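What follows is each chain in one-letter form.
There are 2 protein chains.
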Amino acid sequence: MSLDKQEKTAVRAVTSTDVARIAGVSQSAVSRAFSPDASISARTKQKVLAAAASLGYRPNRIPAIMLSGRSYMVGVVIGGLENPFYATALERLAIALRESGLQVLLMHVDDALTLDSALDQLLSYRIDAVVTSLAIGSKSVARALSQLRIPVVCFNSSLVGPWISTVNSDNHGAGLVAARLMARRGVTCPVWLAGPVRNTASRARGEGFCHGLREAGMPVADLTRLQGDDTYDSGYDAVIGLWKRNIRPDGIFSSNDMMACGVIDALRERMGLLCPRDVVIMGYDNIPQAAWRSYDLTSFDQHTEQMVARAMQLLDEALGAKDTPLSRTHVVDAQLIERGSTACGD
Amino acid sequence: MSLDKQEKTAVRAVTSTDVARIAGVSQSAVSRAFSPDASISARTKQKVLAAAASLGYRPNRIPAIMLSGRSYMVGVVIGGLENPFYATALERLAIALRESGLQVLLMHVDDALTLDSALDQLLSYRIDAVVTSLAIGSKSVARALSQLRIPVVCFNSSLVGPWISTVNSDNHGAGLVAARLMARRGVTCPVWLAGPVRNTASRARGEGFCHGLREAGMPVADLTRLQGDDTYDSGYDAVIGLWKRNIRPDGIFSSNDMMACGVIDALRERMGLLCPRDVVIMGYDNIPQAAWRSYDLTSFDQHTEQMVARAMQLLDEALGAKDTPLSRTHVVDAQLIERGSTACGD
Numbered sequence: 018m019s020l021d022k023q024e025k026t027a028v029r030a031v032t033s034t035d036v037a038r039i040a041g042v043s044q045s046a047v048s049r050a051f052s053p054d055a056s057i058s059a060r061t062k063q064k065v066l067a068a069a070a071s072l073g074y075r076p077n078r079i080p081a082i083m084l085s086g087r088s089y090m091v092g093v094v095i096g097g098l099e100n101p102f103y104a105t106a107l108e109r110l111a112i113a114l115r116e117s118g119l120q121v122l123l124m125h126v127d128d129a130l131t132l133d134s135a136l137d138q139l140l141s142y143r144i145d146a147v148v149t150s151l152a153i154g155s156k157s158v159a160r161a162l163s164q165l166r167i168p169v170v171c172f173n174s175s176l177v178g179p180w181i182s183t184v185n186s187d188n189h190g191a192g193l194v195a196a197r198l199m200a201r202r203g204v205t206c207p208v209w210l211a212g213p214v215r216n217t218a219s220r221a222r223g224e225g226f227c228h229g230l231r232e233a234g235m236p237v238a239d240l241t242r243l244q245g246d247d248t249y250d251s252g253y254d255a256v257i258g259l260w261k262r263n264i265r266p267d268g269i270f271s272s273n274d275m276m277a278c279g280v281i282d283a284l285r286e287r288m289g290l291l292c293p294r295d296v297v298i299m300g301y302d303n304i305p306q307a308a309w310r311s312y313d314l315t316s317f318d319q320h321t322e323q324m325v326a327r328a329m330q331l332l333d334e335a336l337g338a339k340d341t342p343l344s345r346t347h348v349v350d351a352q353l354i355e356r357g358s359t360a361c362g363d
Numbered sequence: 018m019s020l021d022k023q024e025k026t027a028v029r030a031v032t033s034t035d036v037a038r039i040a041g042v043s044q045s046a047v048s049r050a051f052s053p054d055a056s057i058s059a060r061t062k063q064k065v066l067a068a069a070a071s072l073g074y075r076p077n078r079i080p081a082i083m084l085s086g087r088s089y090m091v092g093v094v095i096g097g098l099e100n101p102f103y104a105t106a107l108e109r110l111a112i113a114l115r116e117s118g119l120q121v122l123l124m125h126v127d128d129a130l131t132l133d134s135a136l137d138q139l140l141s142y143r144i145d146a147v148v149t150s151l152a153i154g155s156k157s158v159a160r161a162l163s164q165l166r167i168p169v170v171c172f173n174s175s176l177v178g179p180w181i182s183t184v185n186s187d188n189h190g191a192g193l194v195a196a197r198l199m200a201r202r203g204v205t206c207p208v209w210l211a212g213p214v215r216n217t218a219s220r221a222r223g224e225g226f227c228h229g230l231r232e233a234g235m236p237v238a239d240l241t242r243l244q245g246d247d248t249y250d251s252g253y254d255a256v257i258g259l260w261k262r263n264i265r266p267d268g269i270f271s272s273n274d275m276m277a278c279g280v281i282d283a284l285r286e287r288m289g290l291l292c293p294r295d296v297v298i299m300g301y302d303n304i305p306q307a308a309w310r311s312y313d314l315t316s317f318d319q320h321t322e323q324m325v326a327r328a329m330q331l332l333d334e335a336l337g338a339k340d341t342p343l344s345r346t347h348v349v350d351a352q353l354i355e356r357g358s359t360a361c362g363d
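Residue numbers (this note's numbering), protein chains in the order written: chain A, 18 to 363; chain B, 18 to 363.
Among the hints, erroneous ones may be present.
Identical copies look the same in the list; a pair holds intra-copy or inter-copy alike.
Using 25 Å as the maximum straight-line C-alpha spacing, the simulated SDA-like pairs for lysine to any residue come out as follows [stated by the list, open to error]:
| id | residue 1 | residue 2 |
| --- | --- | --- |
| 1 | Lys-64 | Ala-37 |
| 2 | Lys-261 | Arg-197 |
| 3 | Lys-64 | Asp-137 |
| 4 | Lys-261 | Gly-118 |
| 5 | Lys-156 | His-189 |
| 6 | Lys-339 | Pro-80 |
| 7 | Lys-62 | Ser-43 |
| 8 | Lys-339 | Thr-34 |
| 9 | Lys-339 | Ser-71 |
| 10 | Lys-156 | Glu-286 |
| 11 | Lys-339 | Ser-163 |
| 12 | Lys-339 | Glu-286 |
| 13 | Lys-156 | Arg-231 |
| 14 | Lys-261 | Glu-286 |
| 15 | Lys-62 | Ala-135 |
| 16 | Lys-62 | Ser-134 |
| 17 | Lys-156 | Ala-70 |
| 18 | Lys-64 | Lys-156 |
| 19 | Lys-156 | Gln-138 |
| 20 | Lys-261 | Gly-234 |
Treat the hints as calculated values from the structure; they're not laboratory data. Note that the structure is predicted; figures quoted are calculated from it, not measured.
Please put together the full structure from these sequences, using the hints given.
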């Protein structure tokens with residue numbers, strides 16, 4: 018069956034043959050008129066575009082995908098959009114991919130268990146690459162991603178394997194900075210509020226924090242570590258748990274801003290304590306709510322626009338390398354954004 | 018060129034012919050093994066799946082898209098993910114589409130101007146339908162969408178045209194309920210804080226609010242109408258503007274929760290006023306932050322899960338109607354969620 022014949026069997030679609038007939042040009046001229054880099058005279062292109070507009074014709078990428086094996090679609094695997102940080106990152110990524118002439122085939126995944134079938138579905142559309150911000154660090158996930166044999170770019174991930182590149186925020190470095198700031202503010206009883214155990218970015222923040230406290234001469238062996246799950250409620254509940262255990266911190270570094278907001282509210286509402294007067298609080302992500310006046314939260318900005326730009330570079334290199342698997346890592350500095358919660362004044 | 022030959026030219030992909038050879042079955046059996054509803058013996062299917070797994074074969078949807086003109090991809094056009102409401106709605110929609118065997122081809126659009134080129138790109142992938150939550154109500158957008166000649170489902174939109182169906186929150190009805198609650202709380206100087214002018218859902222909320230105030234015997238002619246842009250900052254600034262004009266409201270209904278949070282913070286921080294003691298505040302969307310203890314904001318829940326379910330129904334009907342354009346509207350009740358900001362107690 019010829020390409021032509023196949024196009025005609027498609028429902029609703031006006032074909033390039035129709036446009037060629039009306040414009041009085043060859044079918045190849047129609048195809049060149051819609052290819053950004055193809056050679057075609059301005060006059061012929063104009064005739065084609067006019068004919069296309071009159072017929073409501075829109076170029077069909079499907080035959081080209083079939084012939085080249087490249088779809089110009091990138092599978093974007095997401096989860097946890099309730100965190101404004103991920104929503105903003107997705108928006109920026111969608112814009113950057115589109116500017117590079119790539120489309121986003123979006124897949125929502127709850128956990129590592131549903132990732133496999135999600136990837137199968139994406140692959141049946143012959144996606145060129147995968148980009149994901151899922152905080153899944155297991156070896157089986159790395160294996161599943163490597164087996165796709167297409168470029169994979171992960172954000173804030175410790176996944177390692179052929180085909181897998183990562184763009185990470187300098188999580189460890191930010192932890193160091195947080196500890197030094199607490200030391201400067203005279204904190205003597207710091208607490209670390211961790212995100213989910215499987216989240217390796219959170220772990221790196223906590224390790225950096227310990228490292229920095231040790232440097233500042235604080236007794237890290239006594240450091241209280243709280244377990245949160247990245248939600249506001251888990252931050253709120255963690256504070257109540259602390260007080261039940263009779264621990265009275267004067268500084269809390271939270272692995273993300275959502276939990277830090279919960280911490281601030283619990284301190285004020287349940288303990289009658291104010292931040293920063295009684296407790297110095299820091300978060301991570303610099304979500305919009307960190308700047309809301311009820312929180313005025315010191316945080317770390319991951320510079321998602323830079324992280325997305327690095328991811329686009331990695332994608333470009335990996336797609337250019339064709340069948341050769343690349344594995345690169347970029348680290349982007351996280352910027353300390355000081356606000357009232359660490360007593361920097363207004 | 019045969020389908021077979023084309024498949025072989027695709028980069029990296031193992032073909033169904035390879036699987037058929039290893040499994041010792043026909044190519045058609047391989048195809049049936051990967052079609053959910055196809056007739057095939059359990060034994061044959063097992064042989065095919067084992068061979069496919071050993072080769073790393075994944076079915077290729079592209080030839081089927083070319084032949085049938087159906088891609089099982091839905092173009093989802095989004096904007097404004099900084100509002101947690103839209104982020105949650107997108108997540109729910111992505112899950113629902115996937116459960117229906119449809120994929121999300123995501124397109125981020127800043128405004129009506131970029132919508133046209135976005136739609137062209139989506140159409141070149143032969144998407145089956147479009148779903149959008151863009152608050153764009155212009156006639157030119159309605160025309161552009163109708164001309165696609167594929168089903169379009171809009172959320173909270175006043176767009177009208179062939180092929181266009183809408184799922185709306187009962188915005189007018191919620192406005193009525195807000196006015197009645199203010200009347201019960203003894204509000205005598207209410208203020209309406211509107212979203213962007215082009216946002217027809219916001220307009221309907223404001224009209225319902227006026228309607229309800231009139232019913233309650235309040236002088237609607239004097240109603241102060243503030244113009245916001247759906248952001249926290251615009252709510253914060255609106256309050257400062259009010260005080261400059263020497264208007265002292267005792268009730269503010271905000272077209273969304275983000276602005277209402279800004280209102281609460283400005284009242285407390287700049288005017289030293291507390292909510293609900295001095296001013297009763299209501300929002301719309303019931304975003305997670307409405308429940309955060311610093312805001313404790315009474316709001317309207319749009320029940321996105323119901324709205325998404327209705328959208329899926331409309332999509333199903335419209336896709337079933339093939340080339341016949343459907344135009345339907347579903348309205349979903351918005352539920353009042355009373356919290357502290359309207360003095361309902363804890």
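Checked hints:
no. : hint               : result
1   : Lys-64 to Ala-37   : within (9 Å within a copy, 47 Å between copies)
2   : Lys-261 to Arg-197 : neither (28 Å within a copy, 43 Å between copies)
3   : Lys-64 to Asp-137  : between (42 Å within a copy, 19 Å between copies)
4   : Lys-261 to Gly-118 : neither (55 Å within a copy, 49 Å between copies)
5   : Lys-156 to His-189 : within (22 Å within a copy, 52 Å between copies)
6   : Lys-339 to Pro-80  : both (21 Å within a copy, 23 Å between copies)
7   : Lys-62 to Ser-43   : within (11 Å within a copy, 46 Å between copies)
8   : Lys-339 to Thr-34  : between (33 Å within a copy, 24 Å between copies)
9   : Lys-339 to Ser-71  : between (39 Å within a copy, 23 Å between copies)
10  : Lys-156 to Glu-286 : neither (42 Å within a copy, 49 Å between copies)
11  : Lys-339 to Ser-163 : within (15 Å within a copy, 40 Å between copies)
12  : Lys-339 to Glu-286 : neither (57 Å within a copy, 57 Å between copies)
13  : Lys-156 to Arg-231 : neither (31 Å within a copy, 64 Å between copies)
14  : Lys-261 to Glu-286 : within (15 Å within a copy, 32 Å between copies)
15  : Lys-62 to Ala-135  : between (41 Å within a copy, 21 Å between copies)
16  : Lys-62 to Ser-134  : between (43 Å within a copy, 18 Å between copies)
17  : Lys-156 to Ala-70  : between (51 Å within a copy, 19 Å between copies)
18  : Lys-64 to Lys-156  : neither (56 Å within a copy, 28 Å between copies)
19  : Lys-156 to Gln-138 : within (21 Å within a copy, 37 Å between copies)
20  : Lys-261 to Gly-234 : neither (28 Å within a copy, 52 Å between copies)
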